[in-house]
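S.K.: Sequence:
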Amino acid sequence: MDLALTPNNNDYTILVADRDGRIVGYVCYGATPMTEGTFDLYWIASDPEVRGQGIGASLISGMEGDMRRRGARIIRVETSATEAYGPTRGFYASMKYTEESRFRDFYKVGDDLIVLAKRL
1 MDLALTPNNN DYTILVADRD GRIVGYVCYG ATPMTEGTFD LYWIASDPEV RGQGIGASLI
61 SGMEGDMRRR GARIIRVETS ATEAYGPTRG FYASMKYTEE SRFRDFYKVG DDLIVLAKRL
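Residue numbers (full-length UniProt numbering): 1 to 120.
Among the hints, erroneous ones may be present.
As the list claims (entries may be wrong) - Okay, the calculated beta carbon distance ranges per label pair:
| hint | residue 1 | residue 2 | range |
| --- | --- | --- | --- |
| 1 | Gly65 | Ile23 | 17 to 25 Å |
| 2 | Ser58 | Arg104 | 31 to 39 Å |
| 3 | Tyr107 | Arg19 | 30 to 38 Å |
| 4 | Arg69 | Phe103 | 27 to 35 Å |
I should point out that these hints are in silico values taken from the structure, not numbers from a laboratory.
As the structure is a computational prediction, the values presented were derived from the model and not from experiment.
Where a beta carbon is used, it is the ideal one built from N, C-alpha and C, also for glycine.
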């Protein structure tokens with residue numbers, strides 16, 4: 001994450017959500033190297049106190065708007081298949097991201113890498 005915060009770094013874009021001057025969430029994304037119009041959503045996080053209040057959806061909306069202005073065609077997200085990531089996958093599904101591929105036992109035996117995508 002330190003690299004993403006380096007001033008004038010063109011590889012990462014960060015949008016921050018605040019409420020009354022307090023940071024309550026962020027999303028980090030960037031163009032995928034060696035592609036045309038493909039972007040990666042690297043990280044999205046929100047304060048547990050505000051989950052379910054639309055912060056994540058607002059961040060995704062802002063990110064997708066920026067990506068459209070930058071000529072994005074595809075957004076790619078990687079996540080885990082474990083039960084702990086079920087709510088995360090549910091959130092992405094609600095944002096219209098669909099599973100494109102699965103790499104079995106990627107993180108460890110029984111923990112697949114799931115690649116989600118959304119076409120803009």
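S.K.: Which hint numbers does the structure go against, in order from smallest to largest?
M.R.: none
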